[in-house]
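J.: Next come the chains, spelled out residue by residue.
4 protein chains.
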Amino acid sequence: MNSFDKLTKLFSDFPGIGPRQAKRFVYFLLTRNPSYIDEFITLIKSIKADSALCSSCFRYFISNKSPSTLCPICNDRNRDLTKLMIVARDVDMENMEKTGVYDGYYFVLGGTVPILEKEPERLVRIKELEKRLAKEADLKEIIIAMNANPEGENTEDFLRLRIKEISGAKNINLSTLGRGLSTGIELEYSDSDTLKSALKNREHTS
Amino acid sequence: MNSFDKLTKLFSDFPGIGPRQAKRFVYFLLTRNPSYIDEFITLIKSIKADSALCSSCFRYFISNKSPSTLCPICNDRNRDLTKLMIVARDVDMENMEKTGVYDGYYFVLGGTVPILEKEPERLVRIKELEKRLAKEADLKEIIIAMNANPEGENTEDFLRLRIKEISGAKNINLSTLGRGLSTGIELEYSDSDTLKSALKNREHTS
Amino acid sequence: MNSFDKLTKLFSDFPGIGPRQAKRFVYFLLTRNPSYIDEFITLIKSIKADSALCSSCFRYFISNKSPSTLCPICNDRNRDLTKLMIVARDVDMENMEKTGVYDGYYFVLGGTVPILEKEPERLVRIKELEKRLAKEADLKEIIIAMNANPEGENTEDFLRLRIKEISGAKNINLSTLGRGLSTGIELEYSDSDTLKSALKNREHTS
Amino acid sequence: MNSFDKLTKLFSDFPGIGPRQAKRFVYFLLTRNPSYIDEFITLIKSIKADSALCSSCFRYFISNKSPSTLCPICNDRNRDLTKLMIVARDVDMENMEKTGVYDGYYFVLGGTVPILEKEPERLVRIKELEKRLAKEADLKEIIIAMNANPEGENTEDFLRLRIKEISGAKNINLSTLGRGLSTGIELEYSDSDTLKSALKNREHTS
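Chains A, B, C and D, in that order, are what the protein sequence lines are. Under the UniProt record's numbering, the first residue of the first sequence is numbered 1, with each subsequent residue one higher. Under the UniProt record's numbering, the first residue of the second sequence is numbered 1, with each subsequent residue one higher. Under the UniProt record's numbering, the first residue of the third sequence is numbered 1, with each subsequent residue one higher. Under the UniProt record's numbering, the first residue of the fourth sequence is numbered 1, with each subsequent residue one higher.
Just so you know, not all the hints are guaranteed correct.
Claimed, not checked - Computed, partial: chain C to chain D, Cβ under 10 Å:
hint, residue
1, T69
2, V87
3, T99
4, R160
5, R162
6, S182
7, L187
8, A198
9, L199
10, E203
Unchecked claim - Dumping the calculated BS3-like pairs for lysine-lysine here, alpha-carbon to alpha-carbon at most 30 Å:
hint, chain 1, residue 1, chain 2, residue 2
11, A, K200, B, K164
12, C, K196, D, K135
13, A, K23, A, K6
14, D, K200, C, K135
15, C, K164, D, K200
16, C, K65, B, K9
17, A, K98, B, K196
18, D, K45, A, K48
19, C, K200, A, K23
20, C, K196, D, K83
What the hints contain is simulated information worked out from the structure, not anything from laboratory work. We put the beta carbon where it would ideally sit given N, CA and C, even for glycine.
Use the sequences and the hints to build the structure in full.
T.: As structure tokens, then:
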């Protein structure tokens, strides 16, 4: 296999990319000028060097070669020590930060647990989570923030089972994100679970 | 215009139907045998005769020519007199009934109020609602149950403005359906409003 | 089952309509005023009375109670007697007429033959076609005009097999619509069959 | 802007990639191991080195550092010297080669000409095409193979205008790919242009 086909195959591994678009990427790179390619390669090298995996929440952050192993959020002593939100991926955490209303800390699981998965430890950072919880002293609430779909619910069940002993011993409350009407949703097309939650979580305004 | 074109035009008025599908409907009817057409016409005549508009909630119900002007739900004295849910359409009410958890009464507005609409009275049963609220004695909560989209929110604002005087005088609480993660929704694709509500309405389970 | 549910079920049989949209249709009719319903019923009755199935091409046409059993096209003696186009449905014929370039006659098969179908005679007017071909004296070409998909190709194979004896005996040429690039199609997403035909049918312009 | 954001921005330039997917790509790379990144960078460097732009048809080909500036197709003396197909992009040419039926040569324009474009010379290799045509001695037909959409037709018009003098002088025939029913197309949804061509290009089979 020549380098053209090899690179096409490699791009096919990128999230959401099939063989046809992968080939387009290769042609796209072929038609760039050398300075573009140089910058591309430099940036690919840089992100690894400029980033670090936070030793506390396990998200990637821009470290700029600073010796600190903590990301800015984990380093921020003004946040609420009593709350920890467990998310599946870095992007979920970023999206939650954009709301500007959550002031606790995070833990990035690094993935989700598919239904009937035999070895969830290989897919998510459950050991790292257990280690972190063992050290927590002030934690009062763990918010399990998974997608509202079957794999998200399965991951939630898995987490509950694995952390209930330690959360029970330390008297830590477990919670999950509230269900209800998401922006854009219509009543006619909502399932009963969503409507039940929307009714239960109804907002009293006057 | 011949009857073929006239019927095509009439079918084009049906919800969600364009001219091409309307024409298909006409051809579909042309190829049915006479007994099918007879049954179709009989049923169209029957639904008007068999149904009635409930004089209390304004939904259509199967009256079977009974003299009662109240639908089975409005007739059911075991439901909670203190709660009234305002929905836009009959199907919204049906979908909420399927949850099996709401035990109050309903009012069907008959539509929604588009943004910048000059004459909302022509589109929704606001006068009928005001009349009904004037007669309510035991009501403690009005749940405004609109779609989580701009037209739903505009309708909600319109309703609040129109009923706040009477609800204030009668000490009736106003509420709206809770926002949060609907079934199937992923965190990565959620907007900040949805995530904020999901965080606020989080469920504490242990 | 009450008339509401029965009419919902009947609308679910309409082409392209599921149970949810069928229910919407019923609510839509419930909210129409009596004169609308009257017109609707009158039109449904009229189309059968105003239309007739052409005894030659088997399409539905507006007969306006005239005693003729031939549609305007079959009645038009200025068209080319030597050409007959076989289409699956009335709409295909209408769409071809819109081009304004075909001047022969038509035969509407009334459907297509699914792959592995055991009794194609029940689905398409093959016997009527055979009867018509037996009477044709001036016919020189039969154009089989089916969709460019597997069911269309299967119908084409079925037709060839059934009419080859008579077309051979009468020295009638068989043809099919040309393959090539349809409006909107891009080369990158075309399959080899389409490209081969597009190459073969290329247009020499100077 | 840090390297993370810079790389996200660069990936957003890739064909068909928006900012959200671009960010996913960066996270995807962050979670790869060093050997994967090394291979990725090596391949990006290699494709430029291993490829060359054919000096005759202007497509990219795997040169493997051979000194030849001609791609295997242009180098193949068994192909038909009398035919030249002009395509917009490398992938169009590859797709045409897959049919196995075209035996002439190619010219890759490198793009298309948008409607109302003021400087088409900057977007397509028209000067290179003119230079090539000037040198052709045996050419009898130029096949303009563009997408069947407005930009494709505009490019075709542009090409005709620019090459008509030289093709006239050299007595070269101009052709375009045939229109008709593409695989999967249904008669009911075809426009008149497509049906007209399908009728004109109909295939006589017996």
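J.: Are the hints correct? Go through all of them and say.
T.: Now the hints, each set against the structure:
1. With 10 Å as the threshold, the beta carbon of C:T69 stays out of range of chain D, its nearest partner Cβ sitting at about 26 Å, so the hint is violated.
2. Taking 10 Å as the C-beta cut-off, the interface hint given for C:V87 holds, the closest approach to chain D being about 7 Å.
3. For C:T99, the suggested interface contact is upheld, since its CB lies about 5 Å from the closest CB of chain D, less than 10 Å.
4. The closest approach between the C-beta of C:R160 and any C-beta of chain D is roughly 8 Å, which is under the 10 Å cut-off, so the hint is satisfied.
5. Checking C:R162 against chain D: minimum C-beta separation of about 14 Å lies over 10 Å; hint violated.
6. Given the 10 Å rule on beta carbons, the hint for C:S182 holds: about 4 Å separates it from the nearest Cβ of chain D.
7. The restraint placing C:L187 at the interface with chain D holds, with a minimum CB-CB distance near 4 Å, inside the 10 Å limit.
8. A hinted interface residue such as C:A198 counts as satisfied when its beta carbon comes closer than 10 Å to some beta carbon of chain D; here the least separation is about 4 Å, so the hint holds.
9. Given hint, C:L199 at the interface with chain D, holds; its Cβ is 6 Å from that chain's nearest Cβ, closer than 10 Å.
10. The closest approach between the C-beta of C:E203 and any C-beta of chain D is roughly 5 Å, which is under the 10 Å cut-off, so the hint is satisfied.
11. A C-alpha spacing of about 23 Å is found between A:K200 and B:K164, which places the hinted pair at or below 30 Å, so the restraint holds.
12. Between the alpha carbons of C:K196 and D:K135 the distance comes to roughly 29 Å, so the proposed pair stays at or under 30 Å and holds.
13. With a CA separation close to 10 Å, the supplied pair A:K23 and A:K6 stays within the 30 Å bound.
14. Simply put, D:K200 and C:K135 have alpha-carbon atoms about 27 Å apart, close enough for the 30 Å limit, and the pair holds.
15. Taking the CA atoms of C:K164 and D:K200, the gap is about 23 Å. The hint holds against a cut of 30 Å.
16. Simply put, C:K65 and B:K9 have alpha-carbon atoms about 22 Å apart, close enough for the 30 Å limit, and the pair holds.
17. Only pairs whose Cα atoms come within 30 Å are accepted, and A:K98 paired with B:K196 is accepted, the gap being roughly 10 Å.
18. A threshold of 30 Å between alpha carbons decides the hint, and for D:K45 with A:K48 the separation of about 19 Å falls inside it, so the pair holds.
19. For the proposed pair C:K200 and A:K23, the alpha carbon gap of about 28 Å is at most 30 Å, so the pair holds.
20. Between C:K196 and D:K83 the alpha-carbon distance is near 16 Å, which keeps this suggested pair within the 30 Å criterion.
Against the hints set out earlier in the document, violations occur for numbers 1, 5.
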